[in-house]
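Protein chains in written order, with our numbering: chain X, 1 to 190; chain R, 1 to 190; chain C, 1 to 190; chain W, 1 to 190.
You may find that some hints are simply not true.
To be verified - Restraint-style ranges between C-beta atoms, simulated for each label pair: (1) C:106 / X:98: 16 to 26 angstroms; (2) C:185 / R:176: 32 to 42 angstroms; (3) C:106 / X:34: 47 to 57 angstroms; (4) C:186 / R:176: 46 to 56 angstroms; (5) R:185 / C:186: 28 to 38 angstroms; (6) C:106 / X:20: 22 to 32 angstroms.
Treat the hints as calculated values from the structure; they're not laboratory data. Glycine included, every Cβ here is placed at the ideal spot set by N, Cα and C.
Spelled out from the first residue to the last, the chains are:
There are 4 protein chains.
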Amino acid sequence: MTSPDAGIAASLTRISGELTSVVDSLATGDGADDVLEVLGGADRVFVLGAGRSGLALQMTAMRLMHLGLAVHVVGETTAPAIRAGDVLLTASGSGTTAGIVRAVETATEVGARVVAITTAPDSPLGRAADALVVVPAATKLDRSGTASTQYAGGLFEQAVVLVGDAVFDALWQRSGLSADDLWPRHANLE
Amino acid sequence: MTSPDAGIAASLTRISGELTSVVDSLATGDGADDVLEVLGGADRVFVLGAGRSGLALQMTAMRLMHLGLAVHVVGETTAPAIRAGDVLLTASGSGTTAGIVRAVETATEVGARVVAITTAPDSPLGRAADALVVVPAATKLDRSGTASTQYAGGLFEQAVVLVGDAVFDALWQRSGLSADDLWPRHANLE
Amino acid sequence: MTSPDAGIAASLTRISGELTSVVDSLATGDGADDVLEVLGGADRVFVLGAGRSGLALQMTAMRLMHLGLAVHVVGETTAPAIRAGDVLLTASGSGTTAGIVRAVETATEVGARVVAITTAPDSPLGRAADALVVVPAATKLDRSGTASTQYAGGLFEQAVVLVGDAVFDALWQRSGLSADDLWPRHANLE
Amino acid sequence: MTSPDAGIAASLTRISGELTSVVDSLATGDGADDVLEVLGGADRVFVLGAGRSGLALQMTAMRLMHLGLAVHVVGETTAPAIRAGDVLLTASGSGTTAGIVRAVETATEVGARVVAITTAPDSPLGRAADALVVVPAATKLDRSGTASTQYAGGLFEQAVVLVGDAVFDALWQRSGLSADDLWPRHANLE
Numbered sequence: 001m002t003s004p005d006a007g008i009a010a011s012l013t014r015i016s017g018e019l020t021s022v023v024d025s026l027a028t029g030d031g032a033d034d035v036l037e038v039l040g041g042a043d044r045v046f047v048l049g050a051g052r053s054g055l056a057l058q059m060t061a062m063r064l065m066h067l068g069l070a071v072h073v074v075g076e077t078t079a080p081a082i083r084a085g086d087v088l089l090t091a092s093g094s095g096t097t098a099g100i101v102r103a104v105e106t107a108t109e110v111g112a113r114v115v116a117i118t119t120a121p122d123s124p125l126g127r128a129a130d131a132l133v134v135v136p137a138a139t140k141l142d143r144s145g146t147a148s149t150q151y152a153g154g155l156f157e158q159a160v161v162l163v164g165d166a167v168f169d170a171l172w173q174r175s176g177l178s179a180d181d182l183w184p185r186h187a188n189l190e
Numbered sequence: 001m002t003s004p005d006a007g008i009a010a011s012l013t014r015i016s017g018e019l020t021s022v023v024d025s026l027a028t029g030d031g032a033d034d035v036l037e038v039l040g041g042a043d044r045v046f047v048l049g050a051g052r053s054g055l056a057l058q059m060t061a062m063r064l065m066h067l068g069l070a071v072h073v074v075g076e077t078t079a080p081a082i083r084a085g086d087v088l089l090t091a092s093g094s095g096t097t098a099g100i101v102r103a104v105e106t107a108t109e110v111g112a113r114v115v116a117i118t119t120a121p122d123s124p125l126g127r128a129a130d131a132l133v134v135v136p137a138a139t140k141l142d143r144s145g146t147a148s149t150q151y152a153g154g155l156f157e158q159a160v161v162l163v164g165d166a167v168f169d170a171l172w173q174r175s176g177l178s179a180d181d182l183w184p185r186h187a188n189l190e
Numbered sequence: 001m002t003s004p005d006a007g008i009a010a011s012l013t014r015i016s017g018e019l020t021s022v023v024d025s026l027a028t029g030d031g032a033d034d035v036l037e038v039l040g041g042a043d044r045v046f047v048l049g050a051g052r053s054g055l056a057l058q059m060t061a062m063r064l065m066h067l068g069l070a071v072h073v074v075g076e077t078t079a080p081a082i083r084a085g086d087v088l089l090t091a092s093g094s095g096t097t098a099g100i101v102r103a104v105e106t107a108t109e110v111g112a113r114v115v116a117i118t119t120a121p122d123s124p125l126g127r128a129a130d131a132l133v134v135v136p137a138a139t140k141l142d143r144s145g146t147a148s149t150q151y152a153g154g155l156f157e158q159a160v161v162l163v164g165d166a167v168f169d170a171l172w173q174r175s176g177l178s179a180d181d182l183w184p185r186h187a188n189l190e
Numbered sequence: 001m002t003s004p005d006a007g008i009a010a011s012l013t014r015i016s017g018e019l020t021s022v023v024d025s026l027a028t029g030d031g032a033d034d035v036l037e038v039l040g041g042a043d044r045v046f047v048l049g050a051g052r053s054g055l056a057l058q059m060t061a062m063r064l065m066h067l068g069l070a071v072h073v074v075g076e077t078t079a080p081a082i083r084a085g086d087v088l089l090t091a092s093g094s095g096t097t098a099g100i101v102r103a104v105e106t107a108t109e110v111g112a113r114v115v116a117i118t119t120a121p122d123s124p125l126g127r128a129a130d131a132l133v134v135v136p137a138a139t140k141l142d143r144s145g146t147a148s149t150q151y152a153g154g155l156f157e158q159a160v161v162l163v164g165d166a167v168f169d170a171l172w173q174r175s176g177l178s179a180d181d182l183w184p185r186h187a188n189l190e
């Protein structure tokens, strides 16, 4: 037997509390709506993240596809080269993940724009981004437990899920489309 | 220009409020800790979900791998057959997704156990599960907007991310392992 | 120690011999060029296969993307719904794989066309296809060893790789594009 | 209308001829069976390739899983860190693909062994490998058309498929297992 404190409910309450704190800090910020301008003006959107951040961004990518944008996940078989007019949407807690920084450099070189989610606005990723959402959460590399009780970058990755869904939600509102307009785009061959 | 109400911050606040309500209802429930017993006793864990629920469960899968469990994502090249002693961890808002219901039947037939996250305990998935987390959120098929302002199953899928992370967090606490014990398992070839 | 006959070179010679026999039978057939007409006229191409056949078709999908076609792999995050004007390119040795037969039915219902590679022209898949490449190879379900010395559908799957590359090669020739025209489409963010 | 020479049959005959030439050169070589020793002695096998080479190696990975080996595809959600005792199986036509060379360095540093398929034994990849299959085929970067009529690294990638299947076939023979022994490992939840 274990104590109630070691159960799912206790963990969920604690995790939810941490996430709410992060979101509250975020929601009082400004400047994030540049993200909507950059994404809304993209020819095509490419998403890229490492590990769980990448999975969180894939959740966003699927919604952007439902909204009618041309979207590619970097690493998928059918993802072509990025070029001028496209946007790279990426996330890295530390803003220093090597593969992401290299991709941002490539995107910038070809004339694509970069939207980033990070905890570190003064990181290589933060400085290179054309539009930025800054998440006040622990990074994956911070294992001290002071910024979050959760393992590694868990809190940041949860925030990426919610920020991605908020970006979609705001773009959806701007689009004037109804839920029934989006529904026919859902994958129908699986 | 758009009104402040159509920006990321407004969407984020609303989404976070919905998710907190769902989590609060969830955290007062009980029975969910059977999930920990079933997962903790698994030879191997297989995760399966459709679309964004599947991506959310992949986030969980990665953490369970960090914890030292043998984990497979159904559909990955290297996922073998499930067999007795294994556990299928799955999520479906409606509990009726055809491919998931078929997989649950197969898992049950071979003697594997099933852990499910759903809004519908009385669905085919809910009834077949050995352990269940019931999420009081709108399903993907509910496009009325009464249960959530978000598109399709967004709220449910966000809850799957948090429930998955709470399951990991609770298992981690039970394991007695430190963050430094888990870190060496993170992928090092990318 | 093992005998020389149990080494890679011996296996490779035998596998290559089997594949050459299959290809020779194939190359004397006709009707396959309907495949080029159907694919060449597609708004978008969706590829779908189970297991190793699916990986083989992903190799084809990447080349079709290099050629400038709009291509989606079924199951990828960003794959939308198939609709009239699109083409489903699929492969199943037996022509009876349940998930593929269901997808073909869906594709046909919405008015998309179907291109199939199979050993069984009189199977559900073979009969439903608008254009067909028939491969005279053992299917995955034939474990008798009479049609091929290789395990399961190995020979069929190798043939799918070569047929896919021949389809690309023929479309490339028809396109009048040079290698240097295709090269800029190769993924540049990895 | 197009000439018969621009059809699938003509392309298939030409491609098959090129592949047979490559395989014939390969099959007369020796030393490749070190590959079997290294793979046979692996705790776990990790496969990694870029683009179509990576898909070809995933075909091999699935077969090695059927054979009972513990296999991971680098980049899959559930792939852990490589460590001493493991083997990295990789392929690069030029032997210089940056991400692969970095992965090989990491693998070597932690004490894992490396098996490589390449056209270039004197490349960074070729020199670092513990066991090597050298394929006399054009690389992706050679667009001159002198080594192969096919686009980019097509011929090399086809050879990777066949070499991978020959490696599996030879390991299967050594294992003494029957087809019916392998069959129960095939994925059963899709």
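Could you say whether the range 32 to 42 angstroms given as a hint is met by the Cβ separation of residue 185 of chain C and residue 176 of chain R? At 51 angstroms between Cβs, range violated.
For the range 47 to 57 angstroms, tell me whether the beta carbons of residue 106 of chain C and residue 34 of chain X fit it or not. The hint (47 to 57 angstroms, Cβ to Cβ) is violated, given that residue 106 of chain C and residue 34 of chain X are roughly 40 angstroms apart.
Tell me if the beta carbons of residue 106 of chain C and residue 20 of chain X are separated by a distance inside 22 to 32 angstroms. Cβ of residue 106 of chain C to Cβ of residue 20 of chain X: about 41 angstroms, so the range 22 to 32 angstroms is violated.
Given the hint of 28 to 38 angstroms, is the C-beta distance from residue 185 of chain R to residue 186 of chain C inside that range or not? 33 angstroms, holds
Between the beta carbons of residue 106 of chain C and residue 98 of chain X, is the distance compatible with 16 to 26 angstroms? 42 angstroms, violated
Given a hint of 46 to 56 angstroms, does the C-beta separation of residue 186 of chain C and residue 176 of chain R actually sit inside it? 48 angstroms, holds
Checked against the numbered hints above, the structure violates hints 1, 2, 3, 6; every other hint is satisfied.
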